[in-house]
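Using the sequences and the hints given, assemble the complete structure.
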Amino acid sequence: MEVLINGQPYTVADEPVRPLLYVLRDELGLTGTKFGCGAGICGACTVHINGVATRSCQTMITTLAGAHITTIEGLAEGERLHPVQQAFLELQVPQCGWCMSGQMMTAAALLANNPNPTHDEMIAAMRYNYCRCGAYARIARAVRRAAELIKEGAA
Amino acid sequence: MKRDARTQRWRMTRRGFLIGLGIVGGGLALGATLGLPAARLALADLLGDGTGPPASFPKEPAIWFAIQPNGRVVMAMPKVEMGQGVHTALAQLAAEELGIAWEQISVTQSSSIGPVRDPAGTSASYSMMGLFPIIRETAATLREMLRAAGAEQLGIAQAEIEQGFVIDPANPARRIGFGELAAQPREWQAPEEAAPLTPPDRWRIIGQPVSRLDLPAKVRGAAIYGYDARVEGMLYGAVARPPRLGAKLRRAAPGTALERRGVVQVVIRDGVAGVVAESRLTAYAALNDLDLEWELPPPFTHHDLEERLAAQARSGTPIQQHGDPAAAMHSARLVEAVYQTPLAAHANLEPQAALVDVQPDRVRAWVSTQSPVQVAESIAATLGRPADTVEVTPTYLGGGFGRKLLITAANEAAILSAAVGKPVHVGWTRTEEFRHSYLRPPTYAAFRAALDAQGNIIALEQRHASGSVLFDFIPAPLRWLLGSDFGAWRGARLVYAIPNLLVTSQTVELPVPTGPWRGLGLLANVFAVESFIDELAHAAGSDPLEFRLRHLPESELGQRFRATLLAVAEMAGWGQPAPAGRARGIACSVDMNTVAAHIAEVGYEGDKLRVYRVWAAVDPGLAINPDGLAAQTEGGIMMGLSATLFEQVTISEGRIDAGNFDRYPLLTIADAPEVAVQILRSGDQPFGGGEPPMGPIAAAVANAVFALTGERKRRLPIA
Numbered sequence: 001m002e003v004l005i006n007g008q009p010y011t012v013a014d015e016p017v018r019p020l021l022y023v024l025r026d027e028l029g030l031t032g033t034k035f036g037c038g039a040g041i042c043g044a045c046t047v048h049i050n051g052v053a054t055r056s057c058q059t060m061i062t063t064l065a066g067a068h069i070t071t072i073e074g075l076a077e078g079e080r081l082h083p084v085q086q087a088f089l090e091l092q093v094p095q096c097g098w099c100m101s102g103q104m105m106t107a108a109a110l111l112a113n114n115p116n117p118t119h120d121e122m123i124a125a126m127r128y129n130y131c132r133c134g135a136y137a138r139i140a141r142a143v144r145r146a147a148e149l150i151k152e153g154a155a
Numbered sequence: 001m002k003r004d005a006r007t008q009r010w011r012m013t014r015r016g017f018l019i020g021l022g023i024v025g026g027g028l029a030l031g032a033t034l035g036l037p038a039a040r041l042a043l044a045d046l047l048g049d050g051t052g053p054p055a056s057f058p059k060e061p062a063i064w065f066a067i068q069p070n071g072r073v074v075m076a077m078p079k080v081e082m083g084q085g086v087h088t089a090l091a092q093l094a095a096e097e098l099g100i101a102w103e104q105i106s107v108t109q110s111s112s113i114g115p116v117r118d119p120a121g122t123s124a125s126y127s128m129m130g131l132f133p134i135i136r137e138t139a140a141t142l143r144e145m146l147r148a149a150g151a152e153q154l155g156i157a158q159a160e161i162e163q164g165f166v167i168d169p170a171n172p173a174r175r176i177g178f179g180e181l182a183a184q185p186r187e188w189q190a191p192e193e194a195a196p197l198t199p200p201d202r203w204r205i206i207g208q209p210v211s212r213l214d215l216p217a218k219v220r221g222a223a224i225y226g227y228d229a230r231v232e233g234m235l236y237g238a239v240a241r242p243p244r245l246g247a248k249l250r251r252a253a254p255g256t257a258l259e260r261r262g263v264v265q266v267v268i269r270d271g272v273a274g275v276v277a278e279s280r281l282t283a284y285a286a287l288n289d290l291d292l293e294w295e296l297p298p299p300f301t302h303h304d305l306e307e308r309l310a311a312q313a314r315s316g317t318p319i320q321q322h323g324d325p326a327a328a329m330h331s332a333r334l335v336e337a338v339y340q341t342p343l344a345a346h347a348n349l350e351p352q353a354a355l356v357d358v359q360p361d362r363v364r365a366w367v368s369t370q371s372p373v374q375v376a377e378s379i380a381a382t383l384g385r386p387a388d389t390v391e392v393t394p395t396y397l398g399g400g401f402g403r404k405l406l407i408t409a410a411n412e413a414a415i416l417s418a419a420v421g422k423p424v425h426v427g428w429t430r431t432e433e434f435r436h437s438y439l440r441p442p443t444y445a446a447f448r449a450a451l452d453a454q455g456n457i458i459a460l461e462q463r464h465a466s467g468s469v470l471f472d473f474i475p476a477p478l479r480w481l482l483g484s485d486f487g488a489w490r491g492a493r494l495v496y497a498i499p500n501l502l503v504t505s506q507t508v509e510l511p512v513p514t515g516p517w518r519g520l521g522l523l524a525n526v527f528a529v530e531s532f533i534d535e536l537a538h539a540a541g542s543d544p545l546e547f548r549l550r551h552l553p554e555s556e557l558g559q560r561f562r563a564t565l566l567a568v569a570e571m572a573g574w575g576q577p578a579p580a581g582r583a584r585g586i587a588c589s590v591d592m593n594t595v596a597a598h599i600a601e602v603g604y605e606g607d608k609l610r611v612y613r614v615w616a617a618v619d620p621g622l623a624i625n626p627d628g629l630a631a632q633t634e635g636g637i638m639m640g641l642s643a644t645l646f647e648q649v650t651i652s653e654g655r656i657d658a659g660n661f662d663r664y665p666l667l668t669i670a671d672a673p674e675v676a677v678q679i680l681r682s683g684d685q686p687f688g689g690g691e692p693p694m695g696p697i698a699a700a701v702a703n704a705v706f707a708l709t710g711e712r713k714r715r716l717p718i719a
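Protein chains in written order, with the working numbering: chain V, 1 to 155; chain C, 1 to 719.
Note that these hints are calculated values from the structure, not bench results.
Any given hint could turn out to be false.
Claimed, not checked - Some chain C residues flagged as far from chain V (calculated, every beta-carbon gap over 12 Å): (1) Gly71; (2) Ile161; (3) Ala337; (4) Leu641.
As the list claims (entries may be wrong) - Covered by chain V, per the in silico footprint, the following chain C stretches (three or more residues, Cβ under 8 Å): (5) 411 to 424; (6) 659 to 669.
Predicted model, so just to flag it, every value in this text is computed and none were measured.
Where is the CB? At the ideal position from N, CA and C, for every residue including glycine.
What follows is the structure, encoded as C-alpha cells:
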C-alpha cells in the first residue's frame, strides 16, 4: 500500500497490521517521532494525519491508504523552521527533547486550526502531552510565541 | 587498552597534562588528567557534603580538545546530555579560557574508550563542580601554548589573544589564527607554570545565557537517542519478564516461537529467555509463544516494605550528631511526627534502550546511558570478554533522572547479538520500564524535638530509614565502612543551629530493586525535614520564614541560606496575604552546596488541590548558564511537584500494579503552576545544578496546605 509522508509517497506492507509509529521508526527510519507509552497516553508519538494531531502508536497502518501524514521531519520547510519550532528554539524549551516532537506537532495542529488560542484552549490541546523534564512553563510560553510568529509571518 | 589513532601519542608532562601532537586532521589536541591529590580532595569534599564518592576517578584524559585547521575547536564531552544542558555549559568554560568566540566551539560525545573516559558517569549534579577547574586550566594551558607559538611566528615577545587569533598588540592587523598555528609542524610543550585563568570580571561567556548546542537538532527531531540507534542489518530483541519481582526462570523452551513469521532465533541463556526477530513487534509477540516456568518468591505488597522501614528506623547509623538530645528532650515542650514517602518511578519518557553489535573481536554499542564506562564493563562481564574490547557510545538520553546508570537492556542486547551474530536493538516497553526498573525507595522519618520557652529548638532527633539508593552501585567494603547509604539520606541532615541534635539513617534491604532518582533522597528527605521545621515554627507561634532565619547558623552557608530565603520572600511578597482562598508555604534546602528556597501558593478547586504559583530562589554559587539553570529549576519543580501530588508505585502480590501511565499519571501542563525563578550568585565557583533546585518543593507545598487548611500532610503523595 502507498502512504504519503511529508509529501513523499512511500510503499509499505499492509501485513502484518501494525501501528504507524513502528512503520515510521523501524521501517522508514523516521525516528523523530518517539515511542513513549504505546498506549496513546503520553503524546510522544503525535503526528499529523490529514492535518489532525494523532497518536501514531494507536493508528494502524492499514487505515492510512492515501492519507497525508506529517511527522516532525516534515514540519520545517527545508531550512526554514516552522514557527512552532522557531518558538521552541527561541525560548529554549526542550530539555531531554524526547517528548518535544509530540509537543510541537500538537501545538502546530492547534495553531493551524486556531491561530489565536486562549490560554484555556491552549491547555486543552496540550494537556495530553507529558513532559517528564517539566518544561511546561516554557511550552506554554512557546505556544503563545509561535502564535505571534505566525501572525507576523502572515502580516 | 587499544586506543584509536587520535589518542595514540599522548605523553605526560610534568604538570600532569597529556599532550598529543598534530594528529587530528592536522590539528592540535590537548587533554588533562585529574592528578591523585585532586582526586583525594574531591573525595573528601564529597563525603563532607554527604553525597559520597564517585565510583572511581579518571586515569585517562578527563579533558580533550582538538583544534581543526579551520580554527574550530572540538571538545570531547566526558559527560552525557540528558537535557540538563551540560554539553553547552562545559563548552562555555572551554570557549572562555581558550579565548575563542562562542561560535567557534563544537562538541563531540566521548565513548567509553575515548577520547576521554569518564568512569564516574554523569550523575549527582557533579559535572560542573567537578570539571570547572580542570576544563578551565586545560583550556588556558592550550591558549598559552598557542599564544607562545603565535608570538614566535609573529616575531614578538608579547602577543594578545582575541576570538581565536594571536595578535600583535603593536599592529593588530598582524595576526595568526589558532587553526593555522595548530596545523603547523611544531614541537609543542606545555608550559611548566600554571597558565593564568581569566578573572571573573573579564568573562565573556561564563555566566551568559547562551543557547543550548543540542536544541537545533532537537526541534527538528534529528537528535539520535538510544531508542533511535540504527545500523545496517540490525535485528530487534525482546526478553521475557518474570510475573513477580524477584522470580527466577526455572525452565524455558522455545515453544512455538520459531513458527512465527519474522522470528530469527530464540535465545535461552544465563537465566534469560529472549527472541530475536526482524521487527520489534514480532519479537514481543513471540514472547507469548515461549514455554516458560518461573520460580516465584513469596508475594508481598508495598505496605510490607513500609512496615520494614518503620520497624528498623531506630537502629540507624548517626549521620549528624552533637550535644545530648536525649537529655535535652526531657525538660521542654515536645513535638513528634512521622513522615513517609512511597516508592516512585523515574518515568523517563524514553524507556531504556541499547543497540549492541557483538563481533568476534570487539563489541560496539550505542546506549542511552549516564554511565558508558560502567555499561561497557557490564556488557564485557555478561559476555565474558575483556573490558577493553567493548566500546559503548552514549547517545542523547530521553530523560535520565538516575534511571540510566545501569542499563539491563544493554546486557540483554549483548546476549542476543552474540547468539545471532548480528547487531540487536533492545528497547523496553513502557510496561517493562514500570515493572522491571529500579525505583526511588520508600522513606520513613520519625522526628522528636523540644522547644524552649522562647520557642527555640533546643533538641531534635530524626530516625531516618530508606531502601538503598547507591549501595547497589558501590563495593561491599565501602558499604560496610559507611554504615548507611549516603544517597538515601541526601537532604536529611539539618542546616539549622540546634544545640542538641541527632540524625540517624538506616538502610533497609527490600525485595524491590531501588536506586537513584533525581536528587537521590533529596526530595523525600527535605519534605520530611522542612515540614517538621514548619510544624515547630507553628508550635512556637512563629512565622515560618522568621523561624528559619532565627535558627540558621552564622556560618557562610547560613548566610547563603538567609540571602536565598529573603530573596524568595521578596519575590513572593511573603508577609502580605495570599489571594482569597489560597495560602503559601515556604521551605529551603542545600544539596551539592547549592541552596534553594521555594514558596508555593496553593488552593482547592472543589476537593482538588491546586498549586497555582511557585517562586524559587537558587544560589548555585555561580551559574555558568543562568538560563540553563533556570530551566533546570523550573523542570525540577515540575517533576518534584508531580511526585508530591500524584506519584506512588504500589505493589500487589509481588507485582508492581502500574503497567502504564493510566495507573501512574504524571503532572500535566494543566496542573503546572506559574514558576518564577531568581538565580543568585554567591561566588566564582559553580555548585550542583540538575537536582538541588528541586529540593524544597514538596515541603513548600505541604506547608502551604497546612497554612490553608490546618491539616498537616505527612505522607506523599498529597493530592
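Query raised in the report: Looking back at the hints listed earlier, which ones does the structure fail to meet?
Result: 4 and 5
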